[in-house]
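Visitor: The listed protein sequences correspond, in order, to chains R and W.
One rule links them: number in my numbering = place in the first sequence (from 1) + 207.
Reminder that position 88 of the second sequence reads as 68 in my numbering, one-by-one numbering, no gaps.
Note that these hints are calculated values from the structure, not bench results.
Be aware that one or more of the hints could be misleading.
A few chain W residues that face chain R, going by a derived Cβ cut-off under 8 Å, partial list only [stated by the list, open to error]:
id, residue
1, T84
2, A90
3, A157
4, A161
Quick caveat: nothing in here was measured; it's all calculated off a predicted structure.
Just so you know, even glycine gets a beta-carbon here, dropped at the ideal spot from N, CA and C.
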Amino acid sequence: MKRTTRLTAALAAVTLAGLLSAGLGAGNREPDASDFRALPPAPASALQISRSQRLSSGRYLSRWTVVRAATAAHARPSASSRVVAELAASAPEGTPNLLTFLQARGGADGAVWVEVRLPVLPNGSVGWVQRRSLGPYSTVDTHLVVDRAQLRATLYRAGQGVFSAPVGIGTAAWPTPAGEFAVRSELSRYASPFYGPISFGTTARSAVLTDWPDGGFVGIHGTDEPWLLPGRVSHGCIRLRNRDILRLEALLPIGTPLTIR
Amino acid sequence: MDGVRNVDELLAAVDRDDAVAEARAQAETTSRQGLLGLTLAGAGAFVLTRVGGAAAAGVSATDVNILNYALTLEYLQASFYTEAERSGALAGKTAQAARVVGATERAHVAAFLKLLGSKAVKRPTFDFQGTTEQQRAFLKTAVALEDLAVAAYKGQAPKLQSNAVLVAAVGIHSVEARHAAWMRALFGVTPAVNAFDQPASRASVGRIVASTQFIVDKPRMRARNKPKFTG
Chain R
208 MKRTTRLTAA LAAVTLAGLL SAGLGAGNRE PDASDFRALP PAPASALQIS RSQRLSSGRY
268 LSRWTVVRAA TAAHARPSAS SRVVAELAAS APEGTPNLLT FLQARGGADG AVWVEVRLPV
328 LPNGSVGWVQ RRSLGPYSTV DTHLVVDRAQ LRATLYRAGQ GVFSAPVGIG TAAWPTPAGE
388 FAVRSELSRY ASPFYGPISF GTTARSAVLT DWPDGGFVGI HGTDEPWLLP GRVSHGCIRL
448 RNRDILRLEA LLPIGTPLTI R
Chain W
-19 MDGVRNVDEL LAAVDRDDAV AEARAQAETT SRQGLLGLTL AGAGAFVLTR VGGAAAAGVS
41 ATDVNILNYA LTLEYLQASF YTEAERSGAL AGKTAQAARV VGATERAHVA AFLKLLGSKA
101 VKRPTFDFQG TTEQQRAFLK TAVALEDLAV AAYKGQAPKL QSNAVLVAAV GIHSVEARHA
161 AWMRALFGVT PAVNAFDQPA SRASVGRIVA STQFIVDKPR MRARNKPKFT G
């Protein structure tokens, strides 16, 4: 190191020491712990951050989504596999076309594919749809069960029964189909005493009334003939007394899985 | 991978068919309304301008506004990790990180909700478009979201009026920075690149979030049409 460089470095060190002394040691004394004890404490945090929140087991959760853009459902997670259904973006009742999520998987094409229950005949059909054709996921922890033998609908939330009421179902000629479906829409404020004040659309379809307007989808709705309930009285729809359908409306989220057995 | 150094570059790397770039361009020309500084293009806008209602005790309107902005980012992150964990598509160390970080983000959301009470903004509807269902896409998006959160907290901290809120924000900021480093390491990006990190303005954060198109309109599943069910 050259002499001038060493001199410069020494001067810098002396200057730095002087600055530190002036800054830290009031009255030219060495700082000690008492200086730091005198510092005011930090204010308490405005937020009370709790422990980390682990997810529940998800045992009672189910997921649903909607068709974002008209698309095809395939037999396998591949665009080259057989098309099992064409899916419109809207359901016949004018709401987005709801699909129950079953599983997701990466396809050979690198895209994400989702297996869903299809609202088509035969009831119980499933297919694979490209994730990019679907909308956001929603989850519910409810499950509606319609027991055709007992003529009763029961709603479960997180496995616990929260609603139960007698129902009317299809006659022997026009049976309410059995299987796994979903509640996909809610219609209200229409002028039709026959359907009562509230109607829920479902993904279940009558296997016999295929020429019914809009394809013969099964609804869950009120009635203007409550004295017929419980009974086998409908064309396949699930009828509840109006006071029961109003009670159910407050408890039943769209996307709830529907089991008809 | 080390070349990917900031949120913009990461999101550009995620961009498929230039959809993100297009959305961003659209967002940049949109009038600047709302708490994030703009209406988010092509999506359900953040419901973030709400400042009315009962005040969070001892918190100024300015701080409530900033807290709701932070809450929305926490909603975004918490929902992202929750959906990823539920998807079951993640494996190994990535799955473990998603579990831990997701639990933390949910704790942040709970804390904000507790503080803000009735003044808290509602959770938007998120569509993560499959990024929660593929490990590589998950990590890339996680890095982007964490880096964004770190920059956003840094951008707002000097504007907070309450020291108590500032203490809380700084506490969360450092946790978000740890998350960012963790996700970066898992993704194969250098965890700490710069000697000094830059803050991000609210408008900038809003544009970036809009460009992801992760915030969408909630599907309208109710209608007034006359039923045509089988009856």
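Visitor: If a hint holds in the structure, say so; if it doesn't, say that too.
Guide: Hints and how they fare:
no.: 1; hint: T84; verdict: 5 Å, holds
no.: 2; hint: A90; verdict: 6 Å, holds
no.: 3; hint: A157; verdict: 16 Å, violated
no.: 4; hint: A161; verdict: 18 Å, violated
The earlier numbered hints that this structure contradicts are 3, 4.
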